[in-house]
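Protein chains: 6
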Amino acid sequence: MGNTRVLCVATVEERVPKFLRGTGSGWITAQYAMLPRSSPSRIPRESRRGHLKGRTQEIQRLIGRSLRQAVDLTAIGERTILIDCDVIEADGGTRTAAVNGGFVALYSALKKLKLAESSVVSMIAAVSLGLIKGKVHLDLDYTEDFAADADINVVMDEKGGIVEIQGTAEEAPFSEEQLGAVIKSARRGIRKIIKAQKKALKIE
Amino acid sequence: MGNTRVLCVATVEERVPKFLRGTGSGWITAQYAMLPRSSPSRIPRESRRGHLKGRTQEIQRLIGRSLRQAVDLTAIGERTILIDCDVIEADGGTRTAAVNGGFVALYSALKKLKLAESSVVSMIAAVSLGLIKGKVHLDLDYTEDFAADADINVVMDEKGGIVEIQGTAEEAPFSEEQLGAVIKSARRGIRKIIKAQKKALKIE
Amino acid sequence: MGNTRVLCVATVEERVPKFLRGTGSGWITAQYAMLPRSSPSRIPRESRRGHLKGRTQEIQRLIGRSLRQAVDLTAIGERTILIDCDVIEADGGTRTAAVNGGFVALYSALKKLKLAESSVVSMIAAVSLGLIKGKVHLDLDYTEDFAADADINVVMDEKGGIVEIQGTAEEAPFSEEQLGAVIKSARRGIRKIIKAQKKALKIE
Amino acid sequence: MGNTRVLCVATVEERVPKFLRGTGSGWITAQYAMLPRSSPSRIPRESRRGHLKGRTQEIQRLIGRSLRQAVDLTAIGERTILIDCDVIEADGGTRTAAVNGGFVALYSALKKLKLAESSVVSMIAAVSLGLIKGKVHLDLDYTEDFAADADINVVMDEKGGIVEIQGTAEEAPFSEEQLGAVIKSARRGIRKIIKAQKKALKIE
Amino acid sequence: MGNTRVLCVATVEERVPKFLRGTGSGWITAQYAMLPRSSPSRIPRESRRGHLKGRTQEIQRLIGRSLRQAVDLTAIGERTILIDCDVIEADGGTRTAAVNGGFVALYSALKKLKLAESSVVSMIAAVSLGLIKGKVHLDLDYTEDFAADADINVVMDEKGGIVEIQGTAEEAPFSEEQLGAVIKSARRGIRKIIKAQKKALKIE
Amino acid sequence: MGNTRVLCVATVEERVPKFLRGTGSGWITAQYAMLPRSSPSRIPRESRRGHLKGRTQEIQRLIGRSLRQAVDLTAIGERTILIDCDVIEADGGTRTAAVNGGFVALYSALKKLKLAESSVVSMIAAVSLGLIKGKVHLDLDYTEDFAADADINVVMDEKGGIVEIQGTAEEAPFSEEQLGAVIKSARRGIRKIIKAQKKALKIE
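Protein chains in written order, with our numbering: chain A, 674 to 877; chain B, 674 to 877; chain C, 674 to 877; chain D, 674 to 877; chain E, 674 to 877; chain F, 674 to 877.
If you're looking for bench data, these hints aren't it; they were derived computationally from the structure. Everything hinted at is true.
Where chains are identical, the list cannot tell them apart; a pair therefore holds if satisfied intra-copy or between any two copies.
Simulated crosslink set (DSS-like; lysine-lysine; CA at most 30 Å straight-line): (1) 785 with 691; (2) 857 with 868; (3) 832 with 857; (4) 808 with 832.
The task is simple: from the sequences and hints, build the whole structure.
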């Protein structure tokens with residue numbers, strides 16, 4: 674995804690959050706951070722601020738929700754799979770890159786646990802899109818991101834079902850027709866990404 | 674919006690965030706909180722946790738972004754309008770109720786400043802929707818919210834332009850067609866809300 | 674109490690603080706907060722500061738201590754009754770209003786638990802008073818509060834026994850005689866409040 | 674005051690809190706802490722908890738308010754006198770000991786600034802008292818404190834005017850008559866303390 | 674150690690940190706703090722900052738590590754000995770004074786537990802040294818500390834074995850030969866301190 | 674340095690800490706962090722804990738002190754050079770690797786500012802060493818680190834002058850002779866590292 678590079682690693686913990694104890698169901702969650710110099714202008718460390726920024730929380734909630742849609746949580750037993758997504762280089766689309774890499778890490782962990790076949794419901798992947806002067810652009814880089822009238826992130830499953838959509842008008846509201854064009858373009862992009870994920874995971 | 678009740682108040686501050694100083698542009702931001710007993714099961718105070726939850730941050734970022742789309746920020750001068758949204762009773766759709774009430778508070782403040790006509794670009798309003806067994810439901814209450822396969826929040830301007838869309842599959846991914854039906858239903862709901870906002874603001 | 678409005682709600686939790694576990698005794702505690710716009714000049718949220726202000730802590734300790742004097746804690750069993758007091762509108766005397774409303778919430782909760790008769794030792798109520806130019810004023814509003822030479826808060830039980838007294842010279846020290854006059858005036862005020870509490874609780 | 678030992682030191686800072694800037698008035702404030710092993714059972718450090726306990730805040734607010742009553746703040750100019758009160762050994766009455774020692778530190782600092790004569794309105798001193806089985810006890814130690822039905826702290830000026838009174842029923846409400854007896858006993862105690870303060874300060 | 678005064682107290686807790694539970698081994702740890710006015714210029718309280726400074730953490734880690742070398746942790750059973758070191762007056766070398774006083778407190782606690790003989794492997798003591806114009810100075814005071822080209826802290830056991838060495842060039846790097854001279858001077862200083870510790874502990 | 678990998682980046686800021694403002698002198702400081710999965714067992718994020726661990730603070734203070742010895746701070750003007758050191762993979766010696774990479778980043782930044790020649794006093798480099806069964810081991814990996822009786826980190830300048838030494842007995846105190854052998858071995862290691870730094874910086 675351009676020059677964006679995100680390290681994604683899965684950790685399996687033999688416990689679940691309180692609200693799941695005794696239910697037999699597992700959990701998938703994510704943590705996201707940017708290295709201070711992943712971006713042209715240095716980003717202060719959140720460990721220094723003493724708390725996570727709203728943007729960080731929003732992103733890691735999105736990653737977690739998306740990945741949970743890919744898996745049957747009751748099939749993985751009472752364990753938590755924690756996906757760490759650390760941005761080494763940011764050139765637009767870090768949150769969707771984190772979903773894509775996060776899925777690969779998640780799948781690998783489930784394979785090691787011999788649970789991939791029984792628990793993975795569908796592959797999932799994500800793309801960022803923008804409307805620039807009314808036209809749909811797929812996978813915006815840092816410069817395009819600044820120019821966009823609207824930003825849309827789409828997460829889909831393998832069959833093109835929408836798992837998550839987040840669209841924000843930055844400069845001007847967009848129409849239902851434009852949203853439709855965005856979805857179509859997203860589907861094409863996601864198809865390519867799933868192909869790449871399968872290659873990385875040596876599936877098929 | 675059902676039994677949901679949110680207190681929305683605007684405060685005008687004669688200063689702007691650092692990144693706007695000297696630009697001549699103003700700013701609109703929002704803070705959101707739930708009273709501990711606004712919900713059937715008590716919600717612990719964030720002042721006790723020492724920091725805001727991810728959900729709270731996500732919601733107040735949504736409110737701020739939406740309201741900024743309604744106003745020409747260069748027309749309000751270097752001042753900040755801060756919208757406080759405090760949920761007294763929560764019965765589903767508190768974030769969209771906060772956008773709707775927040776707009777009324779914002780407009781009232783701008784009117785007092787004699788800036789409403791010159792700065793308001795469009796009215797905006799928001800609705801929450803759900804897909805329950807594949808069908809679109811508008812303005813879910815607490816019980817319906819639990820039953821929904823997917824949750825979608827839509828913010829639109831007066832002409833039906835999409836300002837913000839956030840859709841999340843809770844149980845199953847949804848299709849492009851279902852998303853289209855959601856948008857149509859959202860438009861009808863938002864039309865009614867804008868009528869109510871106008872009545873409250875005595876516009877026309 | 675003037676234009677002051679405080680939402681008071683009781684929550685029953687089936688556990689007690691560590692120091693009471695295994696003793697058979699229950700606990701009553703309170704949390705107090707002001708909505709940002711309950712006051713003419715906006716009060717920043719404590720959830721943003723990351724910790725409670727000294728004033729807040731002082732007030733919720735006063736409410737908790739006062740309410741515990743009204744109840745035989747060994748009669749309620751190992752449970753905690755948590756009283757949330759949220760100030761919607763502040764026009765002087767919010768802490769004493771919180772004690773008064775808090776008692777009504779506490780009593781209602783105990784009635785639901787069928788424990789009111791066995792555990793309530795006495796009703797309690799509170800008033801704020803001020804010395805303005807040497808004279809006692811009962812239940813000061815926001816403007817009077819500013820003019821007062823001394824502020825005194827008194828909590829009493831039904832028989833006029835003093836449960837709590839907090840007196841502070843703001844402008845000038847006060848005399849033993851003035852303190853005596855304050856106590857007498859407090860007793861009259863508290864009698865009226867207890868009548869109102871009984872009406873609200875439909876006692877007698 | 675028994676075995677209680679509190680280190681009190683004044684620091685003069687050539688600035689005032691924001692709300693006083695440009696008013697010509699000064700400020701007096703206090704900070705209070707207990708060493709972990711000042712008490713028979715170790716008290717965890719507040720620096721580890723990450724925030725001050727309610728009790729600490731309550732006490733340092735009391736010390737600050739009391740000391741400000743002793744001084745004409747407009748006479749000290751736009752500077753802050755910060756009184757540090759650190760409890761080395763705690764055997765009851767640490768907050769009143771801090772007021773007493775704090776006044777000595779404050780007066781010494783004002784003398785160094787050649788401002789004592791022009792700014793000190795009155796000496797002030799404080800005592801803790803208790804009602805044990807209905808009788809007034811002056812200056813309770815750790816063991817008596819536990820046995821008391823009610824705790825009362827009184828701060829007075831040199832003429833016996835009440836600067837601050839804080840009374841709390843621990844076991845049973847107390848009567849107006851008992852409060853009167855407490856005040857009389859407090860006056861006697863405070864007279865002795867002021868004599869000791871004068872000796873320490875070499876006044877007269 | 675000059676005018677430096679540090680209060681050192683041991684507290685025995687019948688539990689160990691998580692990583693030692695069930696191992697049969699005990700733990701020794703230390704907490705260090707400076708009173709705000711232990712130093713000529715006031716040091717703000719860490720309880721106000723909300724977290725410990727790096728310097729504080731560095732020092733208490735040094736004290737803990739040093740004291741653990743003095744004791745066979747498996748011989749004290751699953752308990753923690755916590756050493757509180759509070760600086761009342763700081764005139765250089767507070768961290769080494771804390772190690773020296775901390776050992777005395779630790780030994781006293783072990784004696785009370787009848788464990789001193791079986792668990793203490795060796796006495797330990799510490800000195801601070803400086804290189805001023807190339808020459809070794811032992812036990813620097815506040816003024817010398819400022820003038821030093823390099824600061825070195827050494828902790829040794831009774832036989833002169835090095836338990837901890839921390840050397841920092843402040844103005845200029847130092848040579849191997851200078852380090853050798855420092856070690857020799859440290860050994861002489863530590864011998865005297867161990868004599869004083871023995872006297873305080875009435876050993877021999 | 675084995676499999677240890679640390680990303681080091683310099684950021685130049687046109688301001689200095691408060692204590693240097695107006696002195697004409699610059700500042701060099703460092704921040705250090707480990708990615709959660711840089712280590713075999715996951716390290717929780719410090720941004721989640723809300724504050725930096727003692728170990729982190731100790732390390733970044735060491736890096737900062739060491740790098741400041743390499744540069745004439747008055748020659749760089751009133752600017753701060755901040756060195757970010759992020760550990761991607763940890764296999765022993767991350768703090769010394771951070772000093773070595775940090776120096777390269779620092780030098781590169783000074784070169785860009787055309788200040789390298791006028792401000793760099795000497796190259797510096799660091800090695801970690803251990804005593805295992807009495808023998809000196811240079812540049813310990815993760816497994817050796819666990820087996821070591823003592824851990825020593827040494828920072829030297831190009832001429833072998835000692836900039837920083839930190840030695841800790843883990844299992845047994847060490848002798849002056851052993852410390853001498855450590856210094857000699859450190860010198861040899863540091864010579865190699867400085868060669869590698871020069872190659873990376875294309876010096877000579």
